[in-house]
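So the protein sequences, as listed, match chains A and B. Position one of the first sequence corresponds to residue 1 (this note's numbering), numbered consecutively onward. Position one of the second sequence corresponds to residue 1 (this note's numbering), numbered consecutively onward.
If you are wondering where the hints come from, they were derived from the structure by calculation, not from laboratory data. Just to be clear, a hint being listed does not mean it is correct.
[Unchecked claim] Here are the computed lysine-lysine pairs in the DSS-like style, where the Cα-Cα straight-line distance is at most 25 Å:
no.: 1; chain 1: B; residue 1: K180; chain 2: A; residue 2: K168
no.: 2; chain 1: A; residue 1: K36; chain 2: A; residue 2: K22
no.: 3; chain 1: A; residue 1: K116; chain 2: A; residue 2: K135
no.: 4; chain 1: A; residue 1: K175; chain 2: A; residue 2: K135
no.: 5; chain 1: A; residue 1: K168; chain 2: B; residue 2: K90
no.: 6; chain 1: B; residue 1: K180; chain 2: A; residue 2: K175
no.: 7; chain 1: B; residue 1: K90; chain 2: B; residue 2: K180
no.: 8; chain 1: A; residue 1: K47; chain 2: A; residue 2: K121
no.: 9; chain 1: A; residue 1: K135; chain 2: A; residue 2: K121
[What the hints assert, rightly or not] Residues from chain B shown here face chain A by an in silico Cβ test under 8 Å; the list is partial:
no.: 10; residue: G119
no.: 11; residue: F121
no.: 12; residue: E164
The beta carbon of each residue, even a glycine, is placed where N, CA and C say it ideally should be.
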Amino acid sequence: MNRFEVVRTGASSTESEPVTQKNVSHRGAAANPSAKAMQDKFGAAIKRIEVIWGETVAYVDPASVEQVIRWLHDDPSQRYDFLSDVTAVEYRDSEVPIEVVWHLRSLPYRRFLRIKAQLPKGKPLEIASVYDIYKSADWLERECYDMFGIRFTGHPDLRRLLMWESYKEGYPLRKDFPLRGRFSRSEQLRQALAQNPEARYSMEELTIADAFAELPTDMRERLSKGERTGE
Amino acid sequence: MGLTVPGEHRTVSYAPESQEGWVTTRMDFLVNWARANSLWPMPFGTACCAIEFMATAASDFDLARFGMERMSFSPRQADVLICAGRVPFKLAPIIRRIWQQMPQPKWSISMGACASTGGMFDNYAVVQGIDTIIPVDVYVPGCPPRPEGLLYGIRMLQEKVKNERSADAGTRDEMEPDPKSQLYIPPSVIDELGEPFGNSVHQTRSAP
Numbered sequence: 001m002n003r004f005e006v007v008r009t010g011a012s013s014t015e016s017e018p019v020t021q022k023n024v025s026h027r028g029a030a031a032n033p034s035a036k037a038m039q040d041k042f043g044a045a046i047k048r049i050e051v052i053w054g055e056t057v058a059y060v061d062p063a064s065v066e067q068v069i070r071w072l073h074d075d076p077s078q079r080y081d082f083l084s085d086v087t088a089v090e091y092r093d094s095e096v097p098i099e100v101v102w103h104l105r106s107l108p109y110r111r112f113l114r115i116k117a118q119l120p121k122g123k124p125l126e127i128a129s130v131y132d133i134y135k136s137a138d139w140l141e142r143e144c145y146d147m148f149g150i151r152f153t154g155h156p157d158l159r160r161l162l163m164w165e166s167y168k169e170g171y172p173l174r175k176d177f178p179l180r181g182r183f184s185r186s187e188q189l190r191q192a193l194a195q196n197p198e199a200r201y202s203m204e205e206l207t208i209a210d211a212f213a214e215l216p217t218d219m220r221e222r223l224s225k226g227e228r229t230g231e
Numbered sequence: 001m002g003l004t005v006p007g008e009h010r011t012v013s014y015a016p017e018s019q020e021g022w023v024t025t026r027m028d029f030l031v032n033w034a035r036a037n038s039l040w041p042m043p044f045g046t047a048c049c050a051i052e053f054m055a056t057a058a059s060d061f062d063l064a065r066f067g068m069e070r071m072s073f074s075p076r077q078a079d080v081l082i083c084a085g086r087v088p089f090k091l092a093p094i095i096r097r098i099w100q101q102m103p104q105p106k107w108s109i110s111m112g113a114c115a116s117t118g119g120m121f122d123n124y125a126v127v128q129g130i131d132t133i134i135p136v137d138v139y140v141p142g143c144p145p146r147p148e149g150l151l152y153g154i155r156m157l158q159e160k161v162k163n164e165r166s167a168d169a170g171t172r173d174e175m176e177p178d179p180k181s182q183l184y185i186p187p188s189v190i191d192e193l194g195e196p197f198g199n200s201v202h203q204t205r206s207a208p
């Protein structure tokens, strides 16, 4: 019975009101019930469950992350309907793998779950995209690709999001990236000024916005030949 | 009661033999006076400096006292570009193009530490001073500058405008960037301007 039904029918709610928990221990608090359900369903694909400050972290095998998240989204007993973040963590120690992190929230069950997948260094950083499940993953994965260089396979339009598309210096949030960038200031400025500030629209965006059909004929022709300009 | 016909004494004669209604001045003074007191700013606000800029334009500080009440959001009608806030490299071609779109005569004010030097953002994403992209007339220090500081900078710009001479050749010349590199100052100077100062930690680069 949800809140609206309580208001409509005047019945008393069976669920308790949400309260902020107090005095949560660093480790060892009660795990999210989804964790056990995941382990029962996927077995060895769920490598480890940790509860840190009352938040459940599930370490999942990178090969089955997409499958696990799809199940968490679709299963009526889970209903994780909100993807709040996709990001990555690189640790200072070079042996520790890069972690890709998904923050999932189940609004109907008031649950929060953090999924982590560890990508070992030295191999191509690739993981399946969850764009098919959550449309909000579009820009989150693009940002993660832009900053960490993790390729989300299956993403429809994996381009840089924050840096410009012709940015050549690498992935800024990686530990081997120098804070001031790899090139000298004059070279950075030269490359930045060489970009076309109007080359912002991709064919996909124009099609999605339905603006493409309203463009003048010559511009449509130029764009259909692959020219990337919005003028 | 009723309307009174203006008397003969209120008529001003413009006959050349009459001395009434004539003022003699220098052309430069008149033009500069008009220009300095009707600067239309092109606000290029990217960060917290823009909030102070808005406060300057609002009623307490009242930028309109100096003839700048009309923000020109089109560069084609603007006289002074006020860059308020940090400029990331991704915005560098945009501020360059806005500057090129502004017609002469034009001036620019770099407002705040980030626009002037990059400020605390000595990193891979932020331009180390917009004077590496466009010419700057007045730098306003502060993080962000108080509205009084911006007003002082604007008065300084007005002083500069009032001291211009139309006889000076080249004042209105458009600065053309080097066609190959799109830079208008030598790369070594840009590198020097981009060097950290103060207590910033020096850092080696892995590629030139």
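Verification of the hints:
For the hint pairing B/K180 with A/K168, the CA-to-CA distance comes to about 19 Å; that is within 25 Å, so the pair holds. For the hint pairing A/K36 with A/K22, the CA-to-CA distance comes to about 24 Å; that is within 25 Å, so the pair holds. Only pairs whose Cα atoms come within 25 Å are accepted, and A/K116 paired with A/K135 is accepted, the gap being roughly 19 Å. A distance of roughly 29 Å separates the Cα atoms of A/K175 and A/K135; the hinted pair therefore is violated under the 25 Å criterion.
The straight-line distance between the Cα atoms of A/K168 and B/K90 is roughly 13 Å, inside the 25 Å bound, and the hint therefore holds. Only pairs whose Cα atoms come within 25 Å are accepted, and B/K180 paired with A/K175 is rejected, the gap being roughly 33 Å. Distance restraint check for B/K90 and B/K180: the Cα-Cα separation of roughly 19 Å lies within the 25 Å cut-off, and the hinted pair is therefore satisfied. A threshold of 25 Å between alpha carbons decides the hint, and for A/K47 with A/K121 the separation of about 18 Å falls inside it, so the pair holds.
This hinted pair does not check out: A/K135 and A/K121 have alpha carbons roughly 28 Å apart, beyond 25 Å. Evaluation of the B/G119 hint against chain A yields a violated restraint, the C-beta minimum of about 14 Å exceeding 8 Å. About 10 Å separates the beta-carbon of B/F121 from the nearest beta-carbon of chain A, more than 8 Å, and the hint is not met. For B/E164, the interface hint is violated, since its Cβ never comes within 8 Å of a Cβ in chain A; the closest pair sits about 29 Å apart.
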